Amino acid sequence: MVTQANIPLPNLISTTTTAKKPEARYAQQKIDEKNDLHSTRKRQLKDKFGQDNWTYKKYKNSHPYLSGPPLLTAISNSIMHSGSDIQKAHFVTIWSALCNATSDHLQCTDWEIIPTT
382 MVTQANIPLP NLISTTTTAK KPEARYAQQK IDEKNDLHST RKRQLKDKFG
432 QDNWTYKKYK NSHPYLSGPP LLTAISNSIM HSGSDIQKAH FVTIWSALCN
482 ATSDHLQCTD WEIIPTT
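First residue of the sequence shown: 382, per this note's numbering; consecutive thereafter.
Incorrect hints may appear among the rest.
To be verified - In silico lysine to aspartate or glutamate, EDC-like type, Cα no more than 20 Å apart, as pairs:
1. Lys439 - Asp417
2. Lys415 - Glu404
3. Lys438 - Asp428
4. Lys441 - Asp428
5. Lys423 - Asp433
6. Lys469 - Glu493
Said to hold, decoys possible - Label pairs and their calculated CB-CB ranges:
7. Leu487 - Asp417: 50 to 60 Å
8. Asn416 - Lys439: 16 to 26 Å
9. Lys469 - Pro403: 20 to 30 Å
10. Glu414 - Ile467: 34 to 44 Å
11. Asp491 - Gln468: 21 to 31 Å
12. Glu414 - Asn434: 25 to 35 Å
13. Phe430 - Ser465: 49 to 59 Å
14. Gln432 - Pro403: 33 to 43 Å
Read the hints as simulated data drawn from the structure, not as lab findings.
Predicted model only: the values in this text are computed from it and were never measured.
Each residue gets a CB set at the ideal place from its N, CA and C atoms; glycine is no exception.
Using the sequences provided together with the hints, build the complete structure.
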């Protein structure tokens, strides 16, 4: 289909990583703050009662270390991976999906990709 649409095949996957949105960074910051708070409290209980005391053990077991999703996971900003950029070759996939979704009512030849420039 790439040759039928006359669209060159792009490099869809980059080798560099891109950071996720600021919301993910903010969420990770909140998780780190909670972990710091729990670590401080665990240290206080351990210093006061000792590591064999049931109060320390109960707090330690009920407050495990929290971890969020990694901040750097996207290897491409392409919508075909985990990004939001639509490249020219993606329209072939979108066109194919349109053909399949409307196959009961329209032929694939009824759909056409028209460049903006």
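Results of checking the hints against the structure:
Note on Lys439 and Asp417: the hinted pairing holds, with a Cα-Cα distance of about 18 Å set against a maximum of 20 Å. Our distance criterion of 20 Å between C-alpha atoms is met by Lys415 and Glu404, whose separation comes to about 17 Å. Simply put, Lys438 and Asp428 have alpha-carbon atoms about 13 Å apart, close enough for the 20 Å limit, and the pair holds. Taking the CA atoms of Lys441 and Asp428, the gap is about 13 Å. The hint holds against a cut of 20 Å.
At roughly 12 Å between alpha-carbon atoms, Lys423 and Asp433 fall within 20 Å of each other, so this suggested pair holds. A threshold of 20 Å between alpha carbons decides the hint, and for Lys469 with Glu493 the separation of about 14 Å falls inside it, so the pair holds. In this structure the hint that Leu487 and Asp417 lie 50 to 60 Å apart at CB holds, the actual value being about 58 Å. A C-beta distance of roughly 18 Å is found between Asn416 and Lys439, which places it inside the suggested range of 16 to 26 Å.
Range check, Lys469 to Pro403: Cβ separation about 29 Å, and the 20 to 30 Å hint holds. Here the CB-CB span from Glu414 to Ile467 is close to 36 Å, well matched to the stated 34 to 44 Å. Range check, Asp491 to Gln468: about 24 Å between beta-carbon atoms, so the 21 to 31 Å window is met. About 26 Å separates the C-beta atoms of Glu414 and Asn434, a value consistent with the hinted range of 25 to 35 Å.
For the hinted restraint 49 to 59 Å between Phe430 and Ser465, the CB-CB distance of approximately 51 Å keeps it satisfied. With their beta carbons about 39 Å apart, Gln432 and Pro403 fall inside the hinted range of 33 to 43 Å.
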